[in-house]
Amino acid sequence: MGNNRRSPSASHSAIVCSRSPVRGVRYRLNNQSVVSNHQLLVRHLSTVNCQLSTVNCQLSTQNFSLTQNSKLKTQNSRTTIDYQSISPSSLARTFV
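If you read the sequence shown in my numbering, its first letter stands for residue 951, the second for the next number, and so on.
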């Protein structure tokens, strides 16, 4: 009648990722290595998470510094005097 071909189960399949997050480690999906692969992935992901948290903290610090710098530049530009536009007669009127 129909095609009775079954799909291979997880224990028989050998799925290999050509590029794995941990350099030099190939992840094979079978009964013996699922647990160790899971542990490797958890360790690797926690390391990456820690690195990302560090980078995020550094970026937040830089962002804060840039914001403060931008505020100072804005304040500085508001208080800048264009000395070339000041004429002796305008100075005389100012101080008399």
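In short, the hints are calculated from the structure, not lab data.
Keep in mind that the hints are not guaranteed to be accurate.
Distance windows between CB atoms, simulated [said to hold, decoys possible]:
| # | residue 1 | residue 2 | range |
| --- | --- | --- | --- |
| 1 | His988 | Gln1025 | 26 to 36 Å |
| 2 | Gln1012 | Val992 | 49 to 59 Å |
| 3 | Leu991 | Leu1022 | 37 to 47 Å |
Keeping only pairs whose Cα atoms sit at most 25 Å apart, straight-line, the calculated SDA-like set for lysine to any residue is [unchecked claim]:
| # | residue 1 | residue 2 |
| --- | --- | --- |
| 4 | Lys1021 | Thr1011 |
| 5 | Lys1023 | Thr1004 |
| 6 | Lys1023 | Asn1013 |
| 7 | Lys1021 | Cys1007 |
| 8 | Lys1023 | Gln1012 |
| 9 | Lys1023 | Gln1008 |
| 10 | Lys1021 | Cys1000 |
| 11 | Lys1023 | Leu1002 |
| 12 | Lys1021 | Gln1008 |
| 13 | Lys1021 | Ser1010 |
| 14 | Lys1021 | Leu1002 |
| 15 | Lys1023 | Leu1009 |
This structure is a prediction, so every number in the text was calculated from the model and none was measured.
In this text, a Cβ means the ideal position worked out from N, Cα and C, and glycines have one as well.
Now for the hints, and whether the structure bears them out:
| no. | hint | verdict |
| --- | --- | --- |
| 1 | His988 <-> Gln1025: 26 to 36 Å | violated (55 Å) |
| 2 | Gln1012 <-> Val992: 49 to 59 Å | violated (30 Å) |
| 3 | Leu991 <-> Leu1022: 37 to 47 Å | holds (46 Å) |
| 4 | Lys1021 <-> Thr1011 | holds (15 Å) |
| 5 | Lys1023 <-> Thr1004 | violated (29 Å) |
| 6 | Lys1023 <-> Asn1013 | holds (15 Å) |
| 7 | Lys1021 <-> Cys1007 | holds (21 Å) |
| 8 | Lys1023 <-> Gln1012 | holds (16 Å) |
| 9 | Lys1023 <-> Gln1008 | holds (22 Å) |
| 10 | Lys1021 <-> Cys1000 | violated (32 Å) |
| 11 | Lys1023 <-> Leu1002 | violated (31 Å) |
| 12 | Lys1021 <-> Gln1008 | holds (20 Å) |
| 13 | Lys1021 <-> Ser1010 | holds (16 Å) |
| 14 | Lys1021 <-> Leu1002 | violated (28 Å) |
| 15 | Lys1023 <-> Leu1009 | holds (21 Å) |
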